[in-house]
Amino acid sequence: MPAPKEIAIDPAQPIDFFIEAEAKASITYKVWLQRNGAWTVIGPESTSDNKSDHWIFHSPTPSGSEFAFWLGVWGEAGKDWRARFTVSQQPPGQGWVTKASWTETGAFSDLGNGFGVDSTEIVKVTLR
67 MPAPKEIAID PAQPIDFFIE AEAKASITYK VWLQRNGAWT VIGPESTSDN KSDHWIFHSP
127 TPSGSEFAFW LGVWGEAGKD WRARFTVSQQ PPGQGWVTKA SWTETGAFSD LGNGFGVDST
187 EIVKVTLR
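Take 67 as the starting number for the sequence shown in this note's numbering and just add one per residue.
A hint or two may mislead.
Derived lysine to aspartate or glutamate pairs resembling EDC-like cross-links, with alpha carbons at most 16 angstroms apart [what the hints assert, rightly or not]:
#1 K96 - E86
#2 K145 - D176
#3 K190 - E142
#4 K90 - E72
#5 K96 - E72
#6 K96 - E142
#7 K90 - D184
No lab work stands behind these hints, which were simulated from the structure alone.
In this text the structure is predicted, and so the values were computed from the model without any measurement.
All chains should be modelled from the sequences, with the hints used to inform the complete structure.
Written as structure tokens, this is what we have:
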């Protein structure tokens, strides 16, 4: 299932963007969050660098803000890849609540050396 066009959020709660590989792949990614017309850029980052791939933004995140991402993926030639995105928020005094989760998919090209690459377009999601 590809990214939704919109995600319903509470503008007053922190928001967490999380990415992980669901199939054997190395993922380099870039994440953008636009609030009040200003873009915050994260990355490029990698899921294979042993660092957290949770990106937490504190409120407010007004309705109409946008989240965007790009993935560059590499792995074994000819194999499929999957990457999971999860968007969560934390209501006061509670744990994180998933607002949306989806899987981006593709197949690796063949570079002729056993490895392959693939990438996504820049994908934008509106936060309402």
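Here's how the hints hold up against the structure:
At most 16 angstroms may separate the alpha-carbon atoms for a hinted pair to count; K96 and E86 meet this at roughly 13 angstroms. A hinted pair counts as satisfied when its Cα atoms are at most 16 angstroms apart, and K145 with D176 qualifies at roughly 9 angstroms. Simply put, K190 and E142 have alpha-carbon atoms about 28 angstroms apart, too far for the 16 angstroms limit, and the pair is violated. Taking the CA atoms of K90 and E72, the gap is near 29 angstroms; set against the 16 angstroms cutoff, the hint is violated.
For the proposed pair K96 and E72, the alpha carbon gap of about 19 angstroms is over 16 angstroms, so the pair is violated. For the hint linking K96 to E142, the alpha-carbon distance of about 22 angstroms lies beyond 16 angstroms, and the restraint is violated. As the CA atoms of K90 and D184 are separated by approximately 13 angstroms, the hinted pair is consistent with the 16 angstroms bound.
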